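So the protein lines, in turn, are chains A and B.
The opening residue of the first sequence carries number 782 in my numbering; numbering runs sequentially from there.
The opening residue of the second sequence carries number 43 in my numbering; numbering runs sequentially from there.
Just so you know, the hints here were simulated from the structure itself, not pulled from any lab data.
Hints are not guaranteed to be accurate.
[What the hints assert, rightly or not] Computed footprint of chain B on chain A; a stretch qualifies when at least three of its residues, placed anywhere within it, have a C-beta under 8 Å from a C-beta of chain B:
no. : segment
1   : 798-805
2   : 819-826
3   : 916-930
4   : 933-942
5   : 1138-1144
[As the list claims (entries may be wrong)] Some chain A residues close to chain B (C-beta under 7 Å, calculated; not the full set):
no. : residue
6   : K947
7   : L1043
8   : L1046
[Said to hold, decoys possible] The calculated BS3-like cross-link candidates involving lysine-lysine, where the alpha carbons are at most 30 Å apart (straight line), are:
no. : chain 1 : residue 1 : chain 2 : residue 2
9   : B       : K88       : A       : K802
10  : B       : K110      : A       : K934
11  : B       : K163      : A       : K912
12  : B       : K110      : A       : K941
What you are looking at is a predicted structure, and each value in this text was computed from that prediction instead of being measured.
Beta carbons: idealized from backbone N, C-alpha and C, even for Gly.
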Amino acid sequence: MPEATRRIVIEPLTRVEGHGKVSILLDDNNRVAQARLHIVEFRGFERFIQGRPFWELPVLVQRLCGICPVSHHLCAAKAIDGIIGVDQLTPTGEKMRRLMHYGQIFQSHALHFFHLASPDLLFGFDAPVEKRNVIGVIAEHPDLAVQGVMMRKFGQEIIKATAGKKVHGTGAIPGGINKNLSIAERDELLAEVDQMMEWSLKAVEIARQYTLTNLATVSEFGAFDSNHLSLVRADGAMDLYDGKLRAIAADGSQIIDQVAPLDYLDEIAEEVRSWSYMKFPFLKKLGPETGWFRVGPLARVNACDFIDTPKAEAARREFFEVTDGVPSNLTMAYHWSRMIELLHSVEVIGDLLHDGDLQGDDLVAPPGERRGEYVAMLEAPRGTLTHHYRVDENDQVTMANLIVSTTCNNEAMNRAVAKIAEDEISGAPEITEGLLNNIEVGVRAYDPCLSCATHALGQMPLEVKLIDAEGNTVDRRTRP
Amino acid sequence: MAKAKVATTSLCGCFGCHMSLLDIDERILELIELVDFDRSPINDFKEIQGPVDIGLIEGGCANEENVKVLQEFRRHCKVLISVGDCAINGGIPAMRNMVPLAECYEEAFLKGPTVVNPSGKVPDDEEIPLLLDKVYPAHEVVKMDYHLPGCPPSADTLWAALTALLTGKPVDLPYELVKYD
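Required output: the full structure, derived from the provided sequences and hints.
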């Protein structure tokens, strides 16, 4: 541990999902010696789902996260499709799941931008704590706040229409889906699409204007070069439900491309560090020192060759005009890229709702040749999500490995925390609450889902040491 | 008349119950006419600021920090409500109560197919709170006044319970709002 005389803790992190904290160690002159993001919660999904029948997985593992349950629901379902030998869903099954997924992306991105992040962007990072929340936004910008509420509601209504329930639904089953979309459900959603499109365009414009107006700040604030990882379609297009892995370097050069999810073990590993229950993923080709990467909206907009819906593609091109066509490596550019995806989602939703396959009645594909192991991936709101399962001949799970989106951003979030602490806090004569919120603004840009990321379970340390200032152990207790 | 104070927290939960509270959608405009929010994940109050009329607890207790927060809520809240299956009976996280802890440790930090851990050690920093031996429902740690079941309870369930309490009426939920799933 570095030499330090003061420790500041931001706990709990707020306006993020899940449990995290930041610790900052300072010397006598308030210079930052170390700043870290710790994930302090654990639950143990990988172990305690062993022995459960595999068909429970979509409804079981979605309880990792209440903000993006659809991501885990669908990723587990895709893995199970593979296990029962279904490589191609029926058109109705595939499109219902896609509609559910893009509804989820839409509601999650709206929630993050309007409910969680907008107070920082509208009022300033050091605005009074009483005002710096969504209730404050309702008071000062009621139209904008109500738009956010109604956009999130639209996404949730899509989830309800496809999964049966707004949080923790049951739509996806092995090989398909358990309902189609009725004409009445379709028409209710279609009636909202134009309004949602208009508001999404406006949201992109707000995020773009924010970035351009504050370009001097956001060019530095928590900014650093990184690799970027995302699934892309075979033709290089953005695809959030399915695709193969592409990783690019900070300058845009490709590191890997079109790697199938089944081959992920060749490319990705995770390092364990003593001070967080969240592991640190990296590309094996580059190793832990330089192989870490960003995921999520920024990485996806950077990694794809194009977006196959016209309005979002136009927005993507505007985004790249600012960087002269190379990837953006700014933490605060997550907001703009997230809103581009929000727009893309409503375009996809509009197209899907006009597709008659959603009213089809061939919901489940027949099983093919059984496999004992499968790996599925999708792009969750926060980034690339991996579910890897092995099952035995009794249909019981024997191994589960889950690499969630937020875990992939662990190193990047820690770098953002360290850089903002160094740039904004180090040496400040007085460290105010508003100054500390700067750190959280940096973490929030990644929209971390810390519940998702804490499925690992530790145990109470069996040994407790008392260490003096010189680092000598002066006392030691061991639990019987 | 002064507005009632409401505080909320998620202990060992998934934030799904908080999402369900946000699913009251535009009724949030009515809600903020009736209440001010004290500590909650949707604002930046890190501790409870003063006396609270209604506290909403999502999740059970899995670590010492959860217990501390739940006790803080009990001290300051006149009415404390277990919201959702995890607060009421531990929920899915309580499935770990059936498994020896050492095995969970090994699975996550030593045995997983993507794990790289040359030291062979598991995370043990003092910044990380101690885990409890089991996941406990909220009412086994402090007295709880109401229980709203569901995974999560629907927005209508939360709305009916909150508006009844805030207007001094009995919390008498119709059958279709009380669901266990």
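Hint by hint, here is what the structure shows:
For the segment 798-805 of chain A, the assignment as covered by chain B holds, since 5 residues bring a beta-carbon within under 8 Å of that chain's beta-carbons and 3 suffice. Closer than 8 Å: that is the beta-carbon criterion, and the segment 819-826 of chain A has 6 residues meeting it against chain B, so the requirement of 3 holds. Interface restraint, the segment 916-930 of chain A with chain B: holds (4 residues with C-beta to C-beta distance below 8 Å; minimum three). With 3 residues having a beta carbon nearer than 8 Å to a beta carbon of chain B, the segment 933-942 of chain A meets the requirement of three or more and the stated coverage holds.
For the segment 1138-1144 of chain A, the stated coverage by chain B is violated: 0 residues have a C-beta nearer than 8 Å to a C-beta of that chain, whereas at least 3 were required. Contact between A:K947 and chain B, as hinted, is supported at the beta carbon level, the nearest pair being about 5 Å apart and thus within 7 Å. A hinted interface residue such as A:L1043 counts as satisfied when its beta carbon comes closer than 7 Å to some beta carbon of chain B; here the least separation is about 13 Å, so the hint is violated. The beta carbon of A:L1046 comes within 6 Å of a beta carbon in chain B, closer than 7 Å, and the hint placing it at the interface holds.
Between B:K88 and A:K802 the alpha-carbon distance is near 11 Å, which keeps this suggested pair within the 30 Å criterion. Using a Cα cut-off of 30 Å, the hinted pair B:K110 and A:K934 is violated, with the two alpha carbons roughly 34 Å apart. Only pairs whose Cα atoms come within 30 Å are accepted, and B:K163 paired with A:K912 is rejected, the gap being roughly 44 Å. Restraint check: the Cα-Cα separation between B:K110 and A:K941 comes to about 36 Å, which exceeds 30 Å; the hinted pair is violated.
Of the numbered hints given earlier, the model fails hints 5, 7, 10, 11 and 12; all others are met.
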